[in-house]
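A.B. asks: What follows is each chain in one-letter form.
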Amino acid sequence: MELLGIFKDAEGAARAVERLLGEGFVEAQITSLTSVPYPDGVLVKTSQRSWFRWFTLGCGIIGAGVGFLLAAGTAWLYPVQTGDKPIIALYPTGIVTYELAMLFFMVGTIVGMFLEMKLPDFSRRPYDGAIAEGCIGICLVIHPGGEPVACEPGVEPTECVGPIALLSAAEQKERAEEIMGDAGALRVVAEVQP
Amino acid sequence: MSELPVPAKSATQLNDEMLSSLRPPTLRWYVLAFLLGAVVAWGLYAFTYLVTTDMSCTGLDRPVMWGIFIVNFVFWIGLSHSGTMVSAILRLSQANWRRPILRAAEAMTVFTVAVGGLFPLIHLGRNWVFFYLIPYPNQRGLWPNFRSALLWDAMAITTYIIGSSLFLYLGMLPDLAVARDRAKGWRLKLYTVLAMGWRGTAREWLIFHKASTLMAALIIPVAVSVHSIVAWDFAVTVIPGWHSTIFPPYFVIGAIHSGVAAVITLMIIIRKAFHLEEYLTPLHFDNMGKLQLVIALLWSYAYFVEVQTTWYAHEPIEWEVYGFMAHKYTFILLLMLFGNAILPIIVLCFKRFRRSIPVMLALTLLINVGMFIERFLIIVPSLSHKNMPFVWGTYSPTWVELSVTAGAFAGFALMYTLFAKTFPMVAVTDVREYESQKALVPLGRTRVPSLVGKE
Chain A
1 MELLGIFKDA EGAARAVERL LGEGFVEAQI TSLTSVPYPD GVLVKTSQRS
51 WFRWFTLGCG IIGAGVGFLL AAGTAWLYPV QTGDKPIIAL YPTGIVTYEL
101 AMLFFMVGTI VGMFLEMKLP DFSRRPYDGA IAEGCIGICL VIHPGGEPVA
151 CEPGVEPTEC VGPIALLSAA EQKERAEEIM GDAGALRVVA EVQP
Chain B
195 MSELPVPAKS ATQLNDEMLS SLRPPTLRWY VLAFLLGAVV AWGLYAFTYL
245 VTTDMSCTGL DRPVMWGIFI VNFVFWIGLS HSGTMVSAIL RLSQANWRRP
295 ILRAAEAMTV FTVAVGGLFP LIHLGRNWVF FYLIPYPNQR GLWPNFRSAL
345 LWDAMAITTY IIGSSLFLYL GMLPDLAVAR DRAKGWRLKL YTVLAMGWRG
395 TAREWLIFHK ASTLMAALII PVAVSVHSIV AWDFAVTVIP GWHSTIFPPY
445 FVIGAIHSGV AAVITLMIII RKAFHLEEYL TPLHFDNMGK LQLVIALLWS
495 YAYFVEVQTT WYAHEPIEWE VYGFMAHKYT FILLLMLFGN AILPIIVLCF
545 KRFRRSIPVM LALTLLINVG MFIERFLIIV PSLSHKNMPF VWGTYSPTWV
595 ELSVTAGAFA GFALMYTLFA KTFPMVAVTD VREYESQKAL VPLGRTRVPS
645 LVGKE
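Here the protein sequences line up with chains A and B, keeping their order.
Under this note's numbering, the first residue of the first sequence is numbered 1, with each subsequent residue one higher.
Under this note's numbering, the first residue of the second sequence is numbered 195, with each subsequent residue one higher.
Please note that the accuracy of each hint is not assured.
Said to hold, decoys possible - Pairs of lysine to aspartate or glutamate residues, derived as EDC-like cross-links and limited to a Cα-Cα distance of at most 16 Å, are as follows:
hint, chain 1, residue 1, chain 2, residue 2
1, B, Lys203, B, Glu472
2, B, Lys404, A, Asp9
3, B, Lys203, A, Glu133
4, A, Lys45, A, Glu27
5, A, Lys45, A, Glu18
6, B, Lys545, B, Glu472
7, B, Lys404, A, Asp40
8, B, Lys383, A, Glu18
9, A, Lys173, A, Glu23
10, A, Lys8, A, Asp121
11, B, Lys466, B, Asp255
12, B, Lys615, B, Asp255
13, B, Lys203, A, Glu18
14, A, Lys173, A, Glu2
15, B, Lys203, B, Glu629
Hints in this document: simulated from the structure, not taken from any laboratory.
Since the model is a prediction, treat every value here as computed from it, not as a measurement.
Next up, chain B with everything else stripped away, as it sits in the complex (with noise of 0.2 Å):
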């Protein structure tokens, strides 16, 4: 027997749907709220008590100077890459079966660079001369030193953030104006300012293609050149186990890796949360899938490649350094390898498995804390063991960096939380013009699809 054609849903019902999750919050959301609000307090308790005391609070000690809050930063900054990055490339190749997923992705970016860009002024010590990082001319006879990899961190996190803000806004921008449509109160009056007075004219609409495609062409390769910076910081460095020319490429692709698996963790999340469960489907978990897959093997391609040359050269500190690290950190390490390469390799080539939610939120989950693994690895066994080996030392954080980890992790949640009550989760105007492109209209015999998409 043939499948019974599904009616199409009207604008009114799309709406209804794809805007639920501005609807007035629930006891559970106050909760949810209420408890990660408690956790960044206690994070912000945490790093006053490093403010008004000072660094001897924390496990950092000679040799290693950089400790969990620079492992924070580079997973952070490493996890903000794909939101956007995924967004653009996906927009570019006008992949359909993006549209529910785009928003999600791109706000991911901003609360993450958010986060992991307060992490160097955390791990400062004197949080309050932060300035000093910021280049322009002062009257205290000092300059910014434009060598410094660091400060070359700064002027790309500042550029990543204000883009990656740019294109989500952007990509926002007709959604606000329906929501506006809809909204009372208080509501009202931020979508209008948002939306700028947008009415969906024809004009409208097509200098709005435009610069949608122009910004996600623009926001690739500065995601890229954010990350190659952050592993110049490593690289650029005599450090054994850092100075090494593929940190860049390594480091864009576990950032890819990270982020991917953390655009499919949150699309879980929301899928439930808002009951997305028409527009979030099994083909999107399948496809995200499959990306995922592609990026485990790049990953695992460079870590043999990085760790392979390192082995056949066997240049005693480098090998030094990977001696300590797999007997030191043994289970960790084991950890890292299984939950960023064996386990996902194996499960993503099938498809009963990428298209399974459970498996899915488990997989992507053990890859983020695979990764954070990894960032914590590449930091930690290089600065224990340097060149000298009368100053080699171990590391463990302190209650103090871990509460700022919890509180960062928790803030982020939170941010996350916020927004997606605010502002439309799902690209509303997306999803309903892939809708009207998919109307049924009659052709001889039959209704095919009418996709009077672009060329």
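In isolation and in its complexed conformation, chain A is listed as follows (with noise of 0.2 Å):
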């Protein structure tokens, strides 16, 4: 279940980001949802590690296969004798090679940051019309319970466990809202539950 609150402004969010922090969420938890990007750190941290620009080499690398079999596979396969010229001739090869891997290394970009973005989702996941005019969302991810696991060296980031979680659901929920409302939020808003 996710939980969003809406501030008014950047110090608001941040106040209750430290304040979900001290009581027990942790980062993974946390993120903010802004109509204009923030440095790392200013309201929340993220990983900023990602993998997309690994789909980018892989699909570069398939593109310029691809361009350099469809003219030289092709060349070879259905031989057009010109004089004394090789029947693969290398420069245009080399150039709709180029031109492919380029292509595909330009799809594979968009292709893969929507693939780590997660996107399209037209889920109806907690959000707020007033985050296009300027507010700030805090959106937060409750724990099921469980047992809680540290953030330790070793450990995913998205593996760590508050000791919130030790509480059900429905009371971190009631925690998590209590402390937006101190910190400020416009309001609070919860995920429909299916």
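Assembly of the complex is requested from the two constituent chains, each provided in isolation within its own frame, with the hints serving as guidance.
C.D. replies: Structure follows, in structure tokens:
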């Protein structure tokens, strides 16, 4: 379940994040929703690692292969004798290989970006139109409850479970709503349960 | 007396101003769209006439078999260069003044390359067999000849139009989400689909910035390759005047020259039409003017080198082409040199002129007139006086070719006008990000810009 607090300014939002962390939630459970980017750490801290550029690289290599096969492979399969020129012309093959590699690089960048962002996503996740008008959303994923997992070296940030997880989901939600309200949230929106 | 601080605008005010182009169209807008549509319809009629008659209705005849359609092709592909390239270079160099002009430049690229890509198809004559250009196995006993520079064009332009469209879309993604949150009716549905469910999470912003930087780095070599390949259409032949090693860089420089000029022209039109005076300020024209000055100097240098080498070698057939061009097309040759080199270099040296909107409008329009002439003078004189004097000839475009050309210009303007009414013409989130970075924070006894941007 997700909970979204809407704040008028960055100060209130940052205050809410600090208090949520103090209460036992972990960074991986909290994210900000903003219509302009904020530097990492101003509101929340997020992992700087991403994998989509490897996907881009893979696509580019595939594109180069496709381009080479298209130009050189087909010339080899369907030879056109032109004087004493080679069947596979290196210069044109290089051009076609380059263009298709670049095309696949660019398409791979966009596809990889969306895959890593997990978009498109048209499900009804908590959101508020006020975010487009400059308000800041602090979105909290409520843990269903269980044993805490400390954020120690060797533990992926997404696998951390804060001590707040000892409480039930309903109690966690109640605490979080209270904290956001105290920090100056204009309103708190909960995810609509199916 | 010290200057009073200007109160910062709220996000809502900034959104209102920058998304003003999305307001319902006025009567003037409809009149403009109708007029442009009428010219496009006339161009389509001329094209239909061409298809249903044959190529004899054009001015093409031996020895000049490439005419105004190929001039248009080179001109429009050249125009397409700067939009994406300027945007990408400024994005990579993190020049903050780029922010309000990004969208205008990127959209220009997409529509100019779309128009430019049509001209080889129009030029085919038998347009219905255009798919012969597409390299795929077939049962006709034909196989695409990869040695042909025309097939390289097909590959390069396809790559560029897809790449520049993706680049435009990528930059618009957060703005589409802002537009979605304020839209109703069909716009809401359109923006919802295009925004892909963007919520602006910290993770989405992080990946978005990495992808934007990567796309900017990828699109620049593609842009350079496209116009180099267009130059190879000419340079890999043995036609006098074309067979030159300087052609690819010369074409790329010429493309940037016309493209930067077109971006400035469009900035001026958008600024006036959508009342964006606060966002497209004299500073932007000053900076773009400096860029234009550098490109004008480079273009002049490349042109001088090309002519000087030919003049010094004095190879008879090469010099014949230049002599024919200078005698037959004296006026437009001088107009080209004046519009592309002499006037821009003189005028753009002065800050006062670079910051003057009317001067910049007149100058950039003249540069593109000059660049269209330059494309004409590259193509027609060389073909008119090739190696065999007994087939020398001349070329004049007919009403069909001129009508298709007029239709292309109107088509570009119409597409741009429709785009401007449908999508945000200023990069809203980019500008707002910069505004928030400039927000004043207290420091000691004063307030200074926070400038919390990345290093």
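A.B. asks: The structure should be examined with respect to each hint, and the outcome stated for every one.
C.D. replies: Structure-based check of all given hints:
no.: 1; hint: B:Lys203 with B:Glu472; in the structure: holds, 12 Å
no.: 2; hint: B:Lys404 with A:Asp9; in the structure: violated, 26 Å
no.: 3; hint: B:Lys203 with A:Glu133; in the structure: holds, 12 Å
no.: 4; hint: A:Lys45 with A:Glu27; in the structure: holds, 7 Å
no.: 5; hint: A:Lys45 with A:Glu18; in the structure: holds, 11 Å
no.: 6; hint: B:Lys545 with B:Glu472; in the structure: violated, 19 Å
no.: 7; hint: B:Lys404 with A:Asp40; in the structure: holds, 14 Å
no.: 8; hint: B:Lys383 with A:Glu18; in the structure: violated, 37 Å
no.: 9; hint: A:Lys173 with A:Glu23; in the structure: holds, 12 Å
no.: 10; hint: A:Lys8 with A:Asp121; in the structure: violated, 26 Å
no.: 11; hint: B:Lys466 with B:Asp255; in the structure: violated, 44 Å
no.: 12; hint: B:Lys615 with B:Asp255; in the structure: violated, 43 Å
no.: 13; hint: B:Lys203 with A:Glu18; in the structure: violated, 28 Å
no.: 14; hint: A:Lys173 with A:Glu2; in the structure: holds, 9 Å
no.: 15; hint: B:Lys203 with B:Glu629; in the structure: holds, 9 Å
Taken one by one, the earlier hints fail for this structure at numbers 2, 6, 8, 10, 11, 12 and 13, listed in ascending order.
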